[in-house]
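> Spelled out, the chains give:
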Amino acid sequence: MAPQYNGVMNFSSPAAAERESDPSDPNVLLSFDRVTLGYGDFVVLANLSLQIKAGEVVALMGGSGSGKTTLMRAATGQLSPQAGVVSVFGQSIVGLGGAGLQSLRQRMGVLFQHGALFTDLNVFENVAFPLREHTTLSEAELTHKVLETLDAVGLKAAAHLKLSAISGGMARRVALARAVVREPELVFYDEPFAGLDPISMGVTARLIRRLSDRLGCASVLITHDVAESFAIADTVYLVGQGELKAHGSPATLGESNDPYVRQFLDGAPDGPVAFDYPVTPDFERWAACKGVGP
Amino acid sequence: MNALAAVGRFTLEKLVVLGQLARFFGMLVTRLGIVVKRPRLVIQQVHFIGNYSLLIILVSGLFVGFVLGLQGYYTLNRYGSEEALGLLVALSLVRELGPVVTALLFAGRAGTSLTAEIGLMKAGEQLSAMEVMAVDPIRRVLVPRFLGGIIAMPILAAVFSMMGILGGWFVGVILIGIDTGAFWSQMQNGVDVFNDVLNGVIKSVVFGVAVTLIALFEGWHCRPTPEGVSRATTRTVVAGSLVVLGLDFVLTAIMFSH
Amino acid sequence: MSNQKVDVWVGLFVMLGIVALLFLALRAGNLSSFSLADTYAVQARFDNIGGLKVRAPVKSAGVVVGRVADIRFDDQTYKAVVTVNLERNFEFPADTSASILTSGLLGEQFIGLDAGGEDRMLVAGDDITLTQSAIILEQLISQFLYGSAEREGAVD
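Residue numbers (the numbering used here), protein chains in the order written: chain A, 1 to 294; chain B, 295 to 552; chain C, 553 to 708.
Keep in mind that the hints are not guaranteed to be accurate.
To be verified - In silico PhoX-like cross-links for lysine-lysine, where the CA-CA straight-line distance does not exceed 25 Å:
| id | chain 1 | residue 1 | chain 2 | residue 2 |
| --- | --- | --- | --- | --- |
| 1 | C | Lys605 | C | Lys631 |
| 2 | A | Lys145 | B | Lys331 |
| 3 | C | Lys631 | C | Lys611 |
| 4 | C | Lys631 | B | Lys331 |
| 5 | A | Lys145 | A | Lys156 |
| 6 | C | Lys631 | A | Lys162 |
| 7 | A | Lys145 | A | Lys162 |
As the list claims (entries may be wrong) - Counterexamples of contact, computed for chain A against chain B with all Cβ distances above 12 Å:
| id | residue |
| --- | --- |
| 8 | Gly63 |
| 9 | Phe129 |
| 10 | Glu148 |
| 11 | His160 |
| 12 | Gly248 |
| 13 | Asp276 |
| 14 | Ala287 |
Derived by calculation from the structure, the hints in this document are not laboratory data. Glycine residues also receive a C-beta, built at the ideal position from the N, C-alpha and C atoms.
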């Protein structure tokens, strides 16, 4: 589908209607059931419930520090929830270790915020890494698969390049190729649009949607970019202030009257998320030392 | 009272680090099987750690040998025993200077590069990415480097000692004019393969384990910021060097006391 | 760097290490004087072994013919029992004498064998009966002082 820029690029799949959320649905690939996440005493998200199904593109949105990346780390099993159950592919991931966790992770792909490419390998070897580690493909088969994946992101002719020779946008696409080379059923994109120019942003958005449709996988976009994600997402979850603030299709959220949602979508400087940092006793003490009033 | 509390806290902190280090060592040892399944990874690390250290070891060994030859001659000459120069140079190198100086240079050159590399991989989320791709980063990244260091150290120490003896020979025989036959025969009579050479090799293996372990530990636990990496590399050199010197004392006491 | 090139360089590195170790063992150390030839064990008792150590050489006419294998103390006769491994192709008469000598003035101590004249040869397990203990410097000095004191006394 060729992009037509008329202010909003719309690549949503046709059936982007409200979906029933049914926990026992075998199509549910990722489910959070009343999950509380935090580090020690510091709680990031409380009582969170969400479901993600195959073929869906879901946008997880929220301001900085709202816990989006924490959510992703809980889904990949890198962080244990303080309460509640996180299920991946119908299996609880809480407390699962060793071989069980490894086999679940092999069905997931993750695109990290800054790519997290292996700096000592070139483009081809980076994308080939998951195949070399987990499969026993012959060199010819492996080469074919890697080049095919690189071709899908438009970088087949860059396979020989070293990482130092490619731009940030290209690196992001290489990381994307590496995340999907084993055709995972669940893919996470951590801030895929951050720091990209408009062209790269459009390209990345189109790639995410196209890959999702082609592989039939569930894609979870963790982002705070409203325009791009609303254009391709089927469902949006908005988190903030330690809880799930809203969820629904992009259209539903766009019509919401919740003050937090409105401030987020409109980009208003002040609202439920205050502009001014709150005064603390530590600050008052420091100000007194400096000889200034709070 | 505050000083006492400070000392107590300091001791506790060091104990915690020691415990972490022991656990880290355990984690590495239980995953050593990678050398059988993916020997190429270990070979690559032997290359990065060993081959790239070769130049500094060769040159340092040679010059240490030069100096030993010169200083040794000045002292022995006073007692008319210049012909024992070969023995002096060889014993000093094989028993002590070879393993210890090589370990100190190793901590500085290979140790810091290991720490920085692991720290930067941590900062760039590469280790996290591996974890999520169901690849154990300890097995894939740390263990090959650990084995590479253990293999490279004794080789480097032996090369250092050899270059030192040759350097001492050059200064003593070629420049100063000591009889070459006396140089080598006194050395051969006095250097015992088991007591001296083998003990030196054992020392260098122990130092290799210690320095590589500390380097990997600091990189693995460092804070993923430029300052964190810088502090970690400093700790690698300082802690590594102190541990080498301490272990040297203990090993010498065990091995060379009759 | 391609895998093959890395392998070659690492191979060279390990080779260099082996060469260095062989150099240290053979050229710097005394491994080359180790004989792997067959040996037979013979015992000798000394009043004082001085600084003799295990693996010290056993020489006859200045040539190494064996090594000291074991040094023990006999608490019945209060003497040191030294077990010596002699190379099998060297036979010594049964009345051979063994003395503890020093190489050079302050060097390592070794056992020197002086062949006797008997027809019967030493076999494994035999004892060397004629032995001379090590020269202890302090005893030498006290002997000298005692001797010179005696002479002084004799003059008076």
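> Of the hints given before, which are not true for this structure?
4, 6, 9
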